[in-house]
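Chains as they are written, first to last, in my numbering: chain S, 1 to 424; chain X, 425 to 801.
Just so you know, these hints were derived from the structure itself, not from any lab. Errors might be hidden in some of the hints.
The list that follows gives simulated cross-link-like pairs (lysine to aspartate or glutamate, DMTMM-like), each with its CA atoms no further than 25 Å apart [what the hints assert, rightly or not]:
1. 399(S) - 296(S)
2. 693(X) - 658(X)
3. 783(X) - 403(S)
4. 783(X) - 415(S)
5. 380(S) - 772(X)
6. 769(X) - 392(S)
7. 783(X) - 300(S)
8. 792(X) - 671(X)
9. 380(S) - 776(X)
10. 379(S) - 776(X)
11. 797(X) - 393(S)
12. 769(X) - 421(S)
13. 369(S) - 392(S)
14. 693(X) - 633(X)
15. 783(X) - 288(S)
16. 401(S) - 691(X)
17. 332(S) - 184(S)
18. 218(S) - 166(S)
19. 792(X) - 403(S)
20. 280(S) - 166(S)
21. 376(S) - 776(X)
22. 797(X) - 392(S)
23. 401(S) - 790(X)
24. 783(X) - 410(S)
25. 783(X) - 421(S)
26. 783(X) - 360(S)
27. 376(S) - 296(S)
28. 332(S) - 300(S)
29. 558(X) - 624(X)
30. 792(X) - 392(S)
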Amino acid sequence: MTGIAALGALLIALLFPLNASAFEPCLPCHLEKTPAAVAQWQGSAHARAKVGCEQCHGTDHEKIVKGEARVDMKVCAPCHRKAFQEHSLSRHGMGLHAGWGCTRNLPDRKQGECRFCHREGDEDPHSEVQCARFLKQSREMAEIGCNYCHAVEESCDSCHSKHATDLKIVRDPNCCAKCHMGPDHPQWEMWQTSLHGTLNASAGRAMGPDCQSCHMPKGSHNVSLGLTMNSGGVPFAAPKAQAGRAKMVEVCSGCHASAFARRELERGDQVRAQSLAILKEAEGIIWDLNDRALLDPMPEERAPHPLSGPRLVTDSQMLYEDTSHVERLFFKMKKYDYARTVKGAYHQNPAYTHWYGNAELKMDLVDIKGEASRLKDRKKGGLATRSATSAEEALRALKIKFERGALSPEQYAAEKARVLDRLP
Amino acid sequence: MTDLRTGAALLALLLGALTGCTATLQTSVLPEGYAVRNLAKVDAGTPFALNGTGSVAAVTEGITRVTPLSGALGQSLAPAPATSLNFSPGGERLAAAFAASNQSVLNLFDLRGKLLAEAIIPGRVTSIVWRSEKELLVTALLVRRYSFGSELIGSLYRWDGAAPPVATILSDETVRPMVAKLPDEVLIGSLCMALSPYGDEIAYSALKDPPLFTPYLRTVVMHLASGATRQVAETGLSSGGPLYAADGESLLVGDAGSLTRRMSLPDGKEIYAWPAPGDHKALSPSGAYLLLDNHLYQEGRDIASFPKDATGAFLPDGSGMVISSGGTLFLVTGLNDGRPPALPKDLERLLELRRLRMKGLITAQEFKARRAKASAP
Numbered sequence: 001m002t003g004i005a006a007l008g009a010l011l012i013a014l015l016f017p018l019n020a021s022a023f024e025p026c027l028p029c030h031l032e033k034t035p036a037a038v039a040q041w042q043g044s045a046h047a048r049a050k051v052g053c054e055q056c057h058g059t060d061h062e063k064i065v066k067g068e069a070r071v072d073m074k075v076c077a078p079c080h081r082k083a084f085q086e087h088s089l090s091r092h093g094m095g096l097h098a099g100w101g102c103t104r105n106l107p108d109r110k111q112g113e114c115r116f117c118h119r120e121g122d123e124d125p126h127s128e129v130q131c132a133r134f135l136k137q138s139r140e141m142a143e144i145g146c147n148y149c150h151a152v153e154e155s156c157d158s159c160h161s162k163h164a165t166d167l168k169i170v171r172d173p174n175c176c177a178k179c180h181m182g183p184d185h186p187q188w189e190m191w192q193t194s195l196h197g198t199l200n201a202s203a204g205r206a207m208g209p210d211c212q213s214c215h216m217p218k219g220s221h222n223v224s225l226g227l228t229m230n231s232g233g234v235p236f237a238a239p240k241a242q243a244g245r246a247k248m249v250e251v252c253s254g255c256h257a258s259a260f261a262r263r264e265l266e267r268g269d270q271v272r273a274q275s276l277a278i279l280k281e282a283e284g285i286i287w288d289l290n291d292r293a294l295l296d297p298m299p300e301e302r303a304p305h306p307l308s309g310p311r312l313v314t315d316s317q318m319l320y321e322d323t324s325h326v327e328r329l330f331f332k333m334k335k336y337d338y339a340r341t342v343k344g345a346y347h348q349n350p351a352y353t354h355w356y357g358n359a360e361l362k363m364d365l366v367d368i369k370g371e372a373s374r375l376k377d378r379k380k381g382g383l384a385t386r387s388a389t390s391a392e393e394a395l396r397a398l399k400i401k402f403e404r405g406a407l408s409p410e411q412y413a414a415e416k417a418r419v420l421d422r423l424p
Numbered sequence: 425m426t427d428l429r430t431g432a433a434l435l436a437l438l439l440g441a442l443t444g445c446t447a448t449l450q451t452s453v454l455p456e457g458y459a460v461r462n463l464a465k466v467d468a469g470t471p472f473a474l475n476g477t478g479s480v481a482a483v484t485e486g487i488t489r490v491t492p493l494s495g496a497l498g499q500s501l502a503p504a505p506a507t508s509l510n511f512s513p514g515g516e517r518l519a520a521a522f523a524a525s526n527q528s529v530l531n532l533f534d535l536r537g538k539l540l541a542e543a544i545i546p547g548r549v550t551s552i553v554w555r556s557e558k559e560l561l562v563t564a565l566l567v568r569r570y571s572f573g574s575e576l577i578g579s580l581y582r583w584d585g586a587a588p589p590v591a592t593i594l595s596d597e598t599v600r601p602m603v604a605k606l607p608d609e610v611l612i613g614s615l616c617m618a619l620s621p622y623g624d625e626i627a628y629s630a631l632k633d634p635p636l637f638t639p640y641l642r643t644v645v646m647h648l649a650s651g652a653t654r655q656v657a658e659t660g661l662s663s664g665g666p667l668y669a670a671d672g673e674s675l676l677v678g679d680a681g682s683l684t685r686r687m688s689l690p691d692g693k694e695i696y697a698w699p700a701p702g703d704h705k706a707l708s709p710s711g712a713y714l715l716l717d718n719h720l721y722q723e724g725r726d727i728a729s730f731p732k733d734a735t736g737a738f739l740p741d742g743s744g745m746v747i748s749s750g751g752t753l754f755l756v757t758g759l760n761d762g763r764p765p766a767l768p769k770d771l772e773r774l775l776e777l778r779r780l781r782m783k784g785l786i787t788a789q790e791f792k793a794r795r796a797k798a799s800a801p
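For reference, chain S alone in the conformation it holds in the complex (with noise of 0.2 Å):
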């Protein structure tokens, strides 16, 4: 028996001369049980380097399998300092903490998930962003529909993979479409068939520039260089705009002249900020409903949302499911219309610009205006029309409004007077 293993550790040393103690407690098992994975490593950059298993597992092997020492980005980052900084400073260092939220108080989680947002023995979260669409989620769901794509915030695997290290993996613009595609956020889709897209597939990466080419240059981790809004389409700050605007004109200016890039830029600016109006409107709609007591159900009548409880939400925190038909319009408005057209005009693709985004978008907006005529009419056809409960229930909604910074106290005095000379 002895010889046996004394002939197998030989073997090994012959075929992998590299690093024998790097792999030796690990390989006898794995090139059985886990091939792919050694063979993946065996053509990874870390075996030349001679980084094996336990550098990134660790030695305990009990907690390896019970899945306890996963590999994130802690453990990548003393060697890879410079991509982890830049990861850290864009929207991909974000990815996590913009799609959970504390599971403490809901059924059915795993105590192993705190360590998303919480150190070892800290109880303050790394991060207060919270969001309440992860939580309303089954831990399935969750997990395959949110953290797939979120959990690239503490994954380098989320992109690289886990024991390849080939960086013609993470240089194909295929890599990034598992997550930007679908309907909230085409790009994947709205660059293949944008003039970029198309060139890259017929005249390669030179002629048709590719995700990479303009959202990570030359090689850099931060994929928000160059933007100029939050990831709910809301546009930042004049200074930080600007800043992220000459960015992304430098990008542009290694094919374009800075003052055509510009200029295309500036035009995906005035479609995002028209998109915007007709979205602040529709908006405006739901929350006058909201104000009358209108929405069916209202707020107060269905599950409390997960972060801000019996109230209504249209901001980035909103919902999808339980909320009301009009609200649904409105998610549908602003999530996937209204990025698309803002997102479609930036990428320069006409279609995703005007038919799936800003056609979609108005045609929301009759639907947001046409659904708020039926509640206000059933409203009026459900109550006797006593002028006492329509005096109060004007006022009632304006001082919701005031209240809500809506209006201003000279048009609120003025709007009351209107509604109080109508009382008989």
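Position chain X relative to chain S; hints supplied.
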């Protein structure tokens, strides 16, 4: 002349002493035209009520009776002392509450003493007010005693004399043992209610006992239809409860110390103050006369004073008042009260504006401006 007056007073005292059975009301010099008549013996400190048809309901020797002001023989209503009494607006029905263990029996009688209706109210009835001929408002305080203090639950009951009374909780306060040990009359007296002249609101006092602070009474105005409430004052204990002024737009509240304030509604701003604690308050129908503790004011002037224990009520026509003092009811006549303020022609609109104001949907200034506009010629 002075000698003559002194002689008459001595004669009156002598006659009183000789007869030995006629109590007299010790007053300051009454204004010209005023007269005092001994009405009936009553149990000291018990409630009484007057109606507009010349009857007074009171408790004598532990029996609740209705007696004509004319002095004719009265009618016994119940062989028990009422804790609260009040006649209906038309004077044909009397509501009386009787204590029974930790609850009260609320009875409706006609003037012949016939029992018309009865209801059981948990706790002790503290106030009875008729909102109309068909609706009675009653406040009651239920005291639950625990080792750590007492829970005082103040409730409003609305009763039509037919269906069971409908309760609304006005206050629910757990007080510390030191407060729970206060005399019953202080605790029971902490919940007092008054009805606005328009019948749309009540004002009530309720005890508050914040830990580490002195207990106090808060005066709250509540709109009956909407349930909207607003606190208008905080006063010391035993302040005697609130009283609406005749205009329905201000409230008289004593501070259980040295002042009684008239404050505007619903903001509680002081309009006027009298140098009296305000333990007992009564206003004549027009609002021209005010009996404040043992002093009678006319249009703000102190015109007469009565013994310190005096409590009183004005006759519905404003021509006189009944004073209870030293176990006797006295009728004081000769008052010259004006006509009660007429209800406005646009009463519905006024009530609606008052409702909107109580719900915080219009400001006091907007209310006043709208009222001024309505009453402009």
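Check: Can you name, in rising order, the numbers of the hints this structure does not satisfy?
Finding: 20, 26
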